[in-house]
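Given next are the chains, with one letter for each unit.
Number of protein chains: 2
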Amino acid sequence: MPVTITAFADSPDEGQGMARDMRVRWALEEVGQPYEVELLSFSQMKKAPHLARQPFGQIPSYEEDGLVLFESAAIVLHIAQRHRGLLPDEQNARARAIAWMFAAVGTVEPPIVDLEVAELVERDESWSDARLPLVKDRIRGRLDQLVASLGDRDWLEHAFSAADLVMVHVLRRLEGSGILEEYSTLCRYIDRAKARPAHQRAFAAQLAVFNNRQQG
Amino acid sequence: MPVTITAFADSPDEGQGMARDMRVRWALEEVGQPYEVELLSFSQMKKAPHLARQPFGQIPSYEEDGLVLFESAAIVLHIAQRHRGLLPDEQNARARAIAWMFAAVGTVEPPIVDLEVAELVERDESWSDARLPLVKDRIRGRLDQLVASLGDRDWLEHAFSAADLVMVHVLRRLEGSGILEEYSTLCRYIDRAKARPAHQRAFAAQLAVFNNRQQG
Numbered sequence: 001m002p003v004t005i006t007a008f009a010d011s012p013d014e015g016q017g018m019a020r021d022m023r024v025r026w027a028l029e030e031v032g033q034p035y036e037v038e039l040l041s042f043s044q045m046k047k048a049p050h051l052a053r054q055p056f057g058q059i060p061s062y063e064e065d066g067l068v069l070f071e072s073a074a075i076v077l078h079i080a081q082r083h084r085g086l087l088p089d090e091q092n093a094r095a096r097a098i099a100w101m102f103a104a105v106g107t108v109e110p111p112i113v114d115l116e117v118a119e120l121v122e123r124d125e126s127w128s129d130a131r132l133p134l135v136k137d138r139i140r141g142r143l144d145q146l147v148a149s150l151g152d153r154d155w156l157e158h159a160f161s162a163a164d165l166v167m168v169h170v171l172r173r174l175e176g177s178g179i180l181e182e183y184s185t186l187c188r189y190i191d192r193a194k195a196r197p198a199h200q201r202a203f204a205a206q207l208a209v210f211n212n213r214q215q216g
Numbered sequence: 001m002p003v004t005i006t007a008f009a010d011s012p013d014e015g016q017g018m019a020r021d022m023r024v025r026w027a028l029e030e031v032g033q034p035y036e037v038e039l040l041s042f043s044q045m046k047k048a049p050h051l052a053r054q055p056f057g058q059i060p061s062y063e064e065d066g067l068v069l070f071e072s073a074a075i076v077l078h079i080a081q082r083h084r085g086l087l088p089d090e091q092n093a094r095a096r097a098i099a100w101m102f103a104a105v106g107t108v109e110p111p112i113v114d115l116e117v118a119e120l121v122e123r124d125e126s127w128s129d130a131r132l133p134l135v136k137d138r139i140r141g142r143l144d145q146l147v148a149s150l151g152d153r154d155w156l157e158h159a160f161s162a163a164d165l166v167m168v169h170v171l172r173r174l175e176g177s178g179i180l181e182e183y184s185t186l187c188r189y190i191d192r193a194k195a196r197p198a199h200q201r202a203f204a205a206q207l208a209v210f211n212n213r214q215q216g
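Listed in order, the protein sequences are those of chains A and B. Each residue of the first sequence is one higher than the last, beginning at 1 in my numbering. Each residue of the second sequence is one higher than the last, beginning at 1 in my numbering.
For reference, chain A alone in the conformation it holds in the complex (with noise of 0.2 angstroms):
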């Protein structure tokens, strides 16, 4: 059953893992899941032909055997849900690591955007450098909380998941904001999860796709 994700043909972010198609190649090498990519360059990202599997115009989408999915954490789960080893098999540790990989896109990802968005995009408005404090104040409240609920545990819940691996790669996004070296247990946390094979495979591979790059 081939498997077909798309990424960027051009990551912003120099092969250092960052895109969104990673959680997805991390997810397919846990599980030992072949697949093949497609890359699209930001002006394909935005045509009919991506916009009718990818309604938001993003990557990575995720195609099947009829099936074509979207949102990088509902991929994971499909993958998680159709191989064992990413999700617990007990159905209410099951429904609490689910609850994480929710929490890990629409509790702790949302404030670090905003931070990406304010540095990016909001680069030279004049009022920037001013709400900067508060952006940032915002990410450590979530992380405060997320610290204190990993407590001296090396997981989410037991043993590593899917929620492991999309909050890691969230948590990921803060690296070079100097928020991360705040907290020594979350920055153990995400080397823990760095050091695993299927990590380090698909970091591997996507950064194979910008050395290409710089070679062609």
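No lab work stands behind these hints, which were simulated from the structure alone. As the structure is a computational prediction, the values presented were derived from the model and not from experiment. Heads up, some of the hints might be wrong.
Chain copies aren't distinguished; within one or between two, either way the pair holds.
As the list claims (entries may be wrong) - The calculated DSSO-like cross-link candidates involving lysine-lysine, where the alpha carbons are at most 27 angstroms apart (straight line), are:
| hint | residue 1 | residue 2 |
| --- | --- | --- |
| 1 | Lys46 | Lys194 |
| 2 | Lys46 | Lys136 |
| 3 | Lys136 | Lys47 |
| 4 | Lys47 | Lys194 |
| 5 | Lys194 | Lys136 |
Given the structure of chain A, go ahead and fit chain B onto it with the hints provided.
Below, chain B alone, put in the same frame as chain A:
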């Protein structure tokens, strides 16, 4: 099997159904599952007993026979998986409905919450008025895409599903902003959903909380 959810004792919207417990009440009404409500003050939401069930100190949480859940969309998904009627039976259609649930809270809702923050938390900042048009245009960008994707269909994926339930509630948070009125397609979509008896029962239940506080 008793179900208990949490909600605001004093909802900032004064019973207009904007708080996220409305999503869970609505889903429970759709499937005919009775529930109890524990009302929380703002100070109770930030204390240890509630943080143990809702890591980010928000409402709603959900408790049922040993399971404690958080994140409104995750709770709605859990309800939809336990009962028939809120998700398609066919596996691919089901995966797509779940993708729309993630899109609602991960892609459509964040700019709407950003507007709420801009109009409430940042209202008195010197730069607040200058930034508002940017925030509103980011919402319009998402709504344009949502309208294009909805087309002339009544619901996101064939029949009404948990995807529409969450998306409609996300969109309702724009009521009063003046933006929804620019999108007659979305106004009709919201009206169709609000006409459902389960929505009306859920709305009445949360309004009763406000009315009881007024009389108390």
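Checking Lys136 and Lys47: alpha-carbon separation at most 27 angstroms within a copy, between copies, both or neither? between (34 angstroms within a copy, 23 angstroms between copies)
When no copy is named, should Lys46 and Lys194 be tagged within, between, both, or neither for a Cα gap of at most 27 angstroms? For Lys46 and Lys194, the Cα distance exceeds 27 angstroms both inside one copy (32 angstroms) and across copies (32 angstroms).
Between Lys194 and Lys136, at a C-alpha cutoff of 27 angstroms, which is it: within one copy, between copies, both, or neither? within (24 angstroms within a copy, 37 angstroms between copies)
How do Lys46 and Lys136 come out at 27 angstroms by Cα distance, when the copy is not named: within, between, both, or neither? Classified as between; 20 angstroms across copies, 30 angstroms inside a copy.
Status of Lys194 relative to Lys47 across identical chains (alpha carbons, at most 27 angstroms): For Lys47 and Lys194, neither the intra-copy (34 angstroms) nor the inter-copy (33 angstroms) Cα distance is at most 27 angstroms.
Of the hints listed earlier, those the structure fails to meet are numbers 1 and 4, in rising order.
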